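> As a plain string of letters, each chain reads:
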Amino acid sequence: MHTEHGTQVTDPAGLPQRALCSSCGRFVGPYETCPYCGARQQGRLAVRVVKIVAVVLATVGLLALWWAARQLPIPTVTAAEAQGTMNMAYVEVQGQVVGNRSYDPQSAYLAFRIDDGTGEIYISAYRDVVLALVAEGRVPAPGDEVTVAGTLRIREDRVSLTLNVPEHLEIVRPTPIDVRAGTLTALDAGLRVRVQGQVRDIFSPYEGLTLITVRDDSGQVTVAVDQVVTQLTGALPPLEIGQQVTVVGAVTVYRDTPQVVPASVADVQIVGGAPIAEAPETPPTEEPPIAEETPLPPTPTPTPTPAPRALGSLSEEEVGAWVRVQGEIVVLEGFSAGVKAILDDGSGQVTGLLWMNLYNDLPDPPAFDVGAEVLIEGEVGVYQGELQVVPEIAADVTLLSPAPPLPWVDLGSLTAADVGRAVRVRGVLAPPETFSAGQRVLIDDGTGTVLVILWSNVLEELPQPPEAGMILEVAGMVGIYRDTLQLVPRTPWDWRP
Amino acid sequence: MWELLGWALVGTVAASLLALVPALHIYNVAGFLIMFSAALSPYLPPESLAFLFLGLITGYAMLNTIPSIFLSAPDDSSLFIVLPGQKYLLQRRGYEAVVLTGIGGLGGLLALGLLTPFASRFLPVIREVLRAHMGWILWTIIAYMLISEWPKGTERAPAGLRRWWEAWQSLTAGLITFFLSGLLGFVLMYRSIVPVMVSYQNLLPAFVGLFAIPWVIQNLLARVQLPEQHIARNVDAPLMTIFQGTAAGVLGGLFAAFFPVVTGGIGGFLAGHATAQRDERAFVISQGASKIVYYVGGFLLFFVPGLHLTRGGMAWMVSTLYTSYTPERYYWATAVVMVCGVVAFLLSLGFTRVVIALTRRVSYRVLSWGTLVVLVIVVFAMTGVGGLAICAVATGIGLIPVLWGSRRMNAMGVLLLPIALNMIGAAEGVAGFLGLL
Numbered sequence: 001m002h003t004e005h006g007t008q009v010t011d012p013a014g015l016p017q018r019a020l021c022s023s024c025g026r027f028v029g030p031y032e033t034c035p036y037c038g039a040r041q042q043g044r045l046a047v048r049v050v051k052i053v054a055v056v057l058a059t060v061g062l063l064a065l066w067w068a069a070r071q072l073p074i075p076t077v078t079a080a081e082a083q084g085t086m087n088m089a090y091v092e093v094q095g096q097v098v099g100n101r102s103y104d105p106q107s108a109y110l111a112f113r114i115d116d117g118t119g120e121i122y123i124s125a126y127r128d129v130v131l132a133l134v135a136e137g138r139v140p141a142p143g144d145e146v147t148v149a150g151t152l153r154i155r156e157d158r159v160s161l162t163l164n165v166p167e168h169l170e171i172v173r174p175t176p177i178d179v180r181a182g183t184l185t186a187l188d189a190g191l192r193v194r195v196q197g198q199v200r201d202i203f204s205p206y207e208g209l210t211l212i213t214v215r216d217d218s219g220q221v222t223v224a225v226d227q228v229v230t231q232l233t234g235a236l237p238p239l240e241i242g243q244q245v246t247v248v249g250a251v252t253v254y255r256d257t258p259q260v261v262p263a264s265v266a267d268v269q270i271v272g273g274a275p276i277a278e279a280p281e282t283p284p285t286e287e288p289p290i291a292e293e294t295p296l297p298p299t300p301t302p303t304p305t306p307a308p309r310a311l312g313s314l315s316e317e318e319v320g321a322w323v324r325v326q327g328e329i330v331v332l333e334g335f336s337a338g339v340k341a342i343l344d345d346g347s348g349q350v351t352g353l354l355w356m357n358l359y360n361d362l363p364d365p366p367a368f369d370v371g372a373e374v375l376i377e378g379e380v381g382v383y384q385g386e387l388q389v390v391p392e393i394a395a396d397v398t399l400l401s402p403a404p405p406l407p408w409v410d411l412g413s414l415t416a417a418d419v420g421r422a423v424r425v426r427g428v429l430a431p432p433e434t435f436s437a438g439q440r441v442l443i444d445d446g447t448g449t450v451l452v453i454l455w456s457n458v459l460e461e462l463p464q465p466p467e468a469g470m471i472l473e474v475a476g477m478v479g480i481y482r483d484t485l486q487l488v489p490r491t492p493w494d495w496r497p
Numbered sequence: 001m002w003e004l005l006g007w008a009l010v011g012t013v014a015a016s017l018l019a020l021v022p023a024l025h026i027y028n029v030a031g032f033l034i035m036f037s038a039a040l041s042p043y044l045p046p047e048s049l050a051f052l053f054l055g056l057i058t059g060y061a062m063l064n065t066i067p068s069i070f071l072s073a074p075d076d077s078s079l080f081i082v083l084p085g086q087k088y089l090l091q092r093r094g095y096e097a098v099v100l101t102g103i104g105g106l107g108g109l110l111a112l113g114l115l116t117p118f119a120s121r122f123l124p125v126i127r128e129v130l131r132a133h134m135g136w137i138l139w140t141i142i143a144y145m146l147i148s149e150w151p152k153g154t155e156r157a158p159a160g161l162r163r164w165w166e167a168w169q170s171l172t173a174g175l176i177t178f179f180l181s182g183l184l185g186f187v188l189m190y191r192s193i194v195p196v197m198v199s200y201q202n203l204l205p206a207f208v209g210l211f212a213i214p215w216v217i218q219n220l221l222a223r224v225q226l227p228e229q230h231i232a233r234n235v236d237a238p239l240m241t242i243f244q245g246t247a248a249g250v251l252g253g254l255f256a257a258f259f260p261v262v263t264g265g266i267g268g269f270l271a272g273h274a275t276a277q278r279d280e281r282a283f284v285i286s287q288g289a290s291k292i293v294y295y296v297g298g299f300l301l302f303f304v305p306g307l308h309l310t311r312g313g314m315a316w317m318v319s320t321l322y323t324s325y326t327p328e329r330y331y332w333a334t335a336v337v338m339v340c341g342v343v344a345f346l347l348s349l350g351f352t353r354v355v356i357a358l359t360r361r362v363s364y365r366v367l368s369w370g371t372l373v374v375l376v377i378v379v380f381a382m383t384g385v386g387g388l389a390i391c392a393v394a395t396g397i398g399l400i401p402v403l404w405g406s407r408r409m410n411a412m413g414v415l416l417l418p419i420a421l422n423m424i425g426a427a428e429g430v431a432g433f434l435g436l437l
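Chains as they are written, first to last, in this note's numbering: chain A, 1 to 497; chain B, 1 to 437.
Check each hint, because a few of them may be wrong.
Said to hold, decoys possible - Simulated pairs of lysine-lysine, DSBU-like, Cα-Cα distance not exceeding 30 Å:
1) Lys87/B - Lys51/A
2) Lys152/B - Lys87/B
3) Lys51/A - Lys152/B
No wet-lab data here; the hints were simulated from the structure. Every value quoted in this text rests on a predicted model; they were computed, and no experiment measured them.
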């Protein structure tokens with residue numbers, strides 16, 4: 001092995017005078033005293049002095065440097081100030097957490113972005129730092145105001161900072177502002193809000209992301225619960241459509257559309273229900289791990305349900321508004337994609353438009369018929385000058401009193417005066433006949449016959465298609481075409497083999 | 001494309017000249033360029049700057065052997081060349097030592113070229129495999145570094161404690177050096193007094209103090225007189241020796257280039273242990289290969305598509321302005337390095353003659369004082385008064401192994417200790433204990 005020693009001149013040729021003893025002239029090299037004659041060599045700096053200086057510098061100097069370093073505050077920089085020459089600096093940055101976070105529990109990696117008003121800075125943490133933050137329940141969420149100190153990394157395309165010490169992350173979670181779902185805009189991005197409303201839809205576009213549509217009377221907003229939230233704070237409970245929930249979260253923008261991103265699954269609370277438990281790995285703490293500017297009320301209180309609007313008070317100016325109406329179904333007719341029910345509450349009439357999938361989801365679709373008293377929540381729309389209220393989900397339709405059964409009629413008694421009536425008949429089918437928009441089939445009840453028209457949208461949904469000799473009950477609207485009476489089932493539910 | 005080669009050749013020639021300035025590290029020169037990169041950008045776009053840096057690092061890695069051998073002013077990666085280099089020097093064979101390291105450097109370049117077709121396929125895999133093992137590998141290196149040093153003594157001291165101390169003082173000094181430099185590393189990592197605007201040079205004063213200045217002080221104390229140098233027409237190196245030295249150097253250099261925190265000095269240390277006991281010529285060649293592979297190969301990793309590996313100061317500086325994405329750029333960078341390496345080798349032969357002529361006319365003592373002044377000016381210019389203070393403390397620590405005869409490599413504790421503790425999650429506790437959080 002090669003060892004290191006002080007440099008020694010071993011070749012006598014060209015030796016300087018200083019390397020020779022001033023008394024006897026023999027080679028003394030670095031000796032202070034000649035080993036041959038004992039003469040003390042003049043003009044040499046004692047190695048002992050150098051040793052003392054080295055030790056003093058290495059110890060006292062290091063202590064002084066340590067002391068001086070401790071007195072220095074960590075410098076604060078902004079994204080705009082950060083530049084290449086600051087690479088690897090230990091600095092502090094402040095800003096609001098924006099966008100999605102990345103978290104990998106396997107490798108214990110956490111990353112998020114903050115915006116300090118001058119630009120964005122990517123914060124990342126690894127291994128033990130992440131484990132400590134997760135254990136302490138101090139993982140920043142979108143909307144949080146954070147102060148982070150760490151090692152600055154400047155890249156061509158971004159400024160990033162590595163958090164080396166859990167204590168160098170301070171989080172302040174702003175107090176949420178109560179807002180109505182429909183009032184949120186992209187300009188609210190970054191605000192921490194609280195929305196109360198009804199779960200309208202639960203959708204998972206891909207594994208790890210759950211989108212919950214929450215609606216109140218002002219409109220709707222999407223609540224985005226990504227994998228990071230569930231990994232860090234536990235699983236979402238099986239929410240059901242129609243449940244009233246309160247959601248606290250930060251407003252973020254996805255494709256110009258605002259959405260609410262909760263920091264924890266505990267921020268999604270079922271109104272009147274028990275709050276969703278925190279993740280089991282989060283230990284209970286006396287102090288909340290993340291400081292809230294003002295503590296939240298523990299249990300959300302249900303918002304009082306507004307009284308139904310008088311139908312006569314609705315106007316085209318309210319198109320797009322969410323309303324709640326009540327009335328009796330005076331007419332129910334089918335169309336290619338659903339049914340239209342004309343409601344009457346005495347003050348006016350409005351069409352309730354139910355898409356077929358929604359109608360099928362009703363607890364008892366045949367009970368939603370002429371004579372039923374219903375309560376409908378929906379969006380106001382206008383179609384061909386006709387005011388409509390369009391519910392979104394089956395929970396928007398409440399059957400206050402079911403429709404009485406449709407009247408039985410003998411086919412022989414049907415006349416042109418019955419056109420527009422909803423009736424029921426029973427009889428035997430003749431062979432069906434196909435035409436361009438569906439099938440027609442003659443039904444005979446012994447007193448007479450009538451042509452039953454099955455439009456293709458109804459025909460395709462029938463549990464049992466028509467065939468000759470089939471005995472069944474058929475409900476529908478009486479119509480007339482080229483002086484011939486017809487019975488037109490409005491939905492597949494009118495076809496009762 | 002040819003413009004990029006042009007910039008790289010400019011860098012090579014510039015670095016070859018600058019490498020002759022004792023203890024002026026090419027990272028300092030690149031640092032100045034980064035400082036003025038915004039102003040230079042109309043003439044020197046980021047990609048051209050990256051290739052200029054490629055030329056700079058290649059030229060520097062090849063020619064910094066000259067001041068290391070002739071002026072004993074090494075950086076941490078050429079630490080192990082100094083002693084065998086001086087041995088050659090005092091045998092009037094300094095020129096030959098430069099040529100041997102140059103041969104090692106050319107071998108290192110050849111190895112880098114041969115690795116190019118496989119690098120983008122295998123290195124990302126190796127990186128993923130090693131990712132989870134970095135901590136214990138680093139601690140193994142530290143352990144090997146510390147326990148591979150043996151007690152030294154003349155056995156002439158009186159028996160008992162004094163004899164024990166004579167043998168063990170170098171070991172004790174080594175451990176103290178490692179510990180003190182590690183503490184210095186903690187201070188620099190968490191609360192450096194270097195101004196935040198020049199943090200990218202945070203380690204410069206420490207490295208100059210730990211490695212360069214102690215050599216210069218030693219030269220001043222030892223009053224070395226250089227003998228007349230012989231310009232040899234051939235070198236004493238059989239092919240097998242060249243192969244052995246190059247292979248060991250390439251392995252050490254690759255390890256240093258690929259592994260975080262492990263610098264060229266440690267790579268050279270490992271390469272040295274693989275060769276020194278066999279043949280001193282192989283040792284010198286291995287140091288040349290290791291140095292080139294560490295500096296140039298480490299920077300080339302920055303160009304490997306899909307690897308996203310930033311190793312070494314040069315890559316860190318360039319990464320603030322430029323990112324390479326395509327295989328085509330990587331192949332081009334490798335080709336440029338080959339050309340620049342050969343040019344630098346040829347330049348090293350001429351410049352060695354220049355330095356020999358210089359040392360004939362100017363006394364070694366004057367050159368040493370000049371080197372010291374240059375070092376202090378560089379540190380002050382880059383990092384200010386704070387940097388000088390760090391440099392002074394680091395010099396004190398760097399002198400301990402010089403004065404007590406232990407391995408200077410222990411001063412690498414400045415990087416190894418904080419990073420290795422960080423990798424096992426203990427750095428935070430130590431920093432907290434030191435009140436640096």
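> None of the hints should be skipped; say for each whether it holds.
Here is how each hint holds up against the structure:
Annotation: proposed proximity of Lys87/B to Lys51/A holds, straight-line Cα distance about 25 Å (limit 30 Å). The straight-line distance between the Cα atoms of Lys152/B and Lys87/B is roughly 21 Å, inside the 30 Å bound, and the hint therefore holds. Taken as a hint, the Lys51/A and Lys152/B pair is honoured in the structure, with Cα atoms around 19 Å apart against an allowance of 30 Å.
This entry satisfies every hint, going by the numbered hints stated previously.
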